[in-house]
Amino acid sequence: MIPFEVYTKFIQRLNKLGTNANQNINYLMFSDLVNKAQLHWVAAQAKRPELDGDIADNIQQLLKEVSDAGVKKKNRYEIKLPDDYHSLLRVWSEPTECDGVVYGKRVEEGNLNTLLQGAFTRPSIAWEESLVTLSGGKINVYIDGVLSKTYVRYYRLPKVFEIAGFTKADGTASTDKDLEFEDVSAEEIIDLASQLAARDIGDTKRAQ
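Here the numbering used here runs 2 ahead of the position in the sequence shown, where the first position is 1.
Treat the hints with caution; some may be incorrect.
Here are the simulated lysine to aspartate or glutamate pairs, EDC-like style, with alpha carbons at most 16 Å apart [what the hints assert, rightly or not]: (1) Lys107 - Asp146; (2) Lys38 - Asp146; (3) Lys151 - Asp34; (4) Lys38 - Glu190; (5) Lys179 - Asp34; (6) Lys18 - Glu184; (7) Lys151 - Glu67; (8) Lys161 - Glu184; (9) Lys161 - Asp34.
For the record, the hints were derived by calculation from the structure and aren't laboratory data.
If you're wondering where the values come from, they're calculated on a predicted model, not measured in any experiment.
Kindly produce the complete structure, drawing on both the sequences and the hints.
Written as structure tokens, this is what we have:
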């Protein structure tokens, strides 16, 4: 959706909310609000369960997959998260000692030690299950053997949205960069952006 159409719909939403927030929103703030809104929207969509193994159509365009041998660290492999990483969908690995697949089970760091020591919860190539955590910009894959390659399927960050007409922090002029979503998805993001704008303006007035 082109920036001017997004802006027009955004202002219409603010007028309906009756907050007069549109009087305080310049192009820079508008662009920031839309980018913030689409990050929140993607996060909410990524948390929705998959249906019959298929990715929801509205964020399928953000789906990416990479493979990496990783760096061996004692009982785990470290894999650097891609620069455009937003959220994780699934992880699976290929062990060197057999033709099977080891599926990654996402766990919290706080529970890791207990799970690693448990007779029925520790990762095992024989059981075709590894334990996966995220920390420090890396994916940690815990396993009791050697992996030849690990595959990471994830949602990338949405493309940056921008409207021409303001000077950016680096001193360059902004340009028109379309919202990459269309139809219902775009409308939901614009709705969220207008709600964020109304809330932020309301918080500022209350603080004053």
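* Any of the earlier hints contradicted here, and which numbers? -> 2, 3 and 6
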